Amino acid sequence: MNTKKNGFITFYILWIGTVCICMALAAASLAACFLKSSRQYMEAIQLTYLSESALHISWSELQERRWQDVPTNDSWDFVDTYGLAEPRQKIKIYCKSGIHQIPFQGYVRAVGRGETTLTERSCALRFEVRQASTGDKTKFIIKKIIY
61 MNTKKNGFIT
71 FYILWIGTVC
81 ICMALAAASL
91 AACFLKSSRQ
101 YMEAIQLTYL
111 SESALHISWS
121 ELQERRWQDV
131 PTNDSWDFVD
141 TYGLAEPRQK
151 IKIYCKSGIH
161 QIPFQGYVRA
171 VGRGETTLTE
181 RSCALRFEVR
191 QASTGDKTKF
201 IIKKIIY
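The numbering of the sequence shown is this note's numbering, which starts it at 61 and goes up by one.
These are calculated hints, taken from the structure and not from any lab test.
The reader is advised that the hints may include incorrect statements.
What the hints assert, rightly or not - Have a look at the derived ranges for each label pair, beta carbon to beta carbon:
| hint | residue 1 | residue 2 | range |
| --- | --- | --- | --- |
| 1 | Phe94 | Ser120 | 19 to 29 Å |
| 2 | Ala104 | Lys204 | 51 to 61 Å |
| 3 | Thr108 | Ile162 | 16 to 26 Å |
| 4 | Gln128 | Leu90 | 51 to 61 Å |
| 5 | Glu121 | Ala84 | 49 to 59 Å |
| 6 | Lys96 | Lys156 | 34 to 44 Å |
| 7 | Pro131 | Lys204 | 13 to 23 Å |
| 8 | Ala86 | Lys156 | 28 to 38 Å |
| 9 | Leu95 | Glu175 | 16 to 26 Å |
Since we're looking at a predicted model, the values are computed, not measured.
Glycine residues also receive a C-beta, built at the ideal position from the N, C-alpha and C atoms.
Could you put the whole structure together from the sequences, leaning on the hints where they help?
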């Protein structure tokens with residue numbers, strides 16, 4: 061008995077193999093995108109924490125100054141003495157205030173930047189410098205914290 065082989069089973073097996081490979085590639089691509097997204101989210105959380113910490117430390121240093129020494133428009137790199145930031149994360153502090161005549165207002169802003177994922181997070185607070193009711197001491201008052 062003579063049978064004909066038309067290749068249908070071979071074609072079907074190759075087609076199933078191709079579909080499986082395409083599905084595996086799609087799953088790998090989606091997993092890579094998810095991993096990248098989670099890495100960006102993790103760095104965003106770290107940068108938010110770093111900017112809050114830098115703002116807190118800079119605000120404490122600013123309150124120790126005389127009111128005449130508050131910068132009117134200045135920025136500086138935050139010196140990370142506590143080792144909070146990773147090597148590719150930079151923190152910059154911006155301070156701007158009005159004319160130095162009591163009372164005056166200003167803001168301090170900390171910006172954390174990550175070079176690996178190009179993420180940036182900031183935290184700022186507005187302040188007002190007023191004459192204290194007792195003595196010649198001035199006091200710094202936080203008006204609003206902004207993220």
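Among the hints numbered above, which are violated by the structure, and what are their numbers in rising order? Numbers 1, 2, 3, 8, in rising order.
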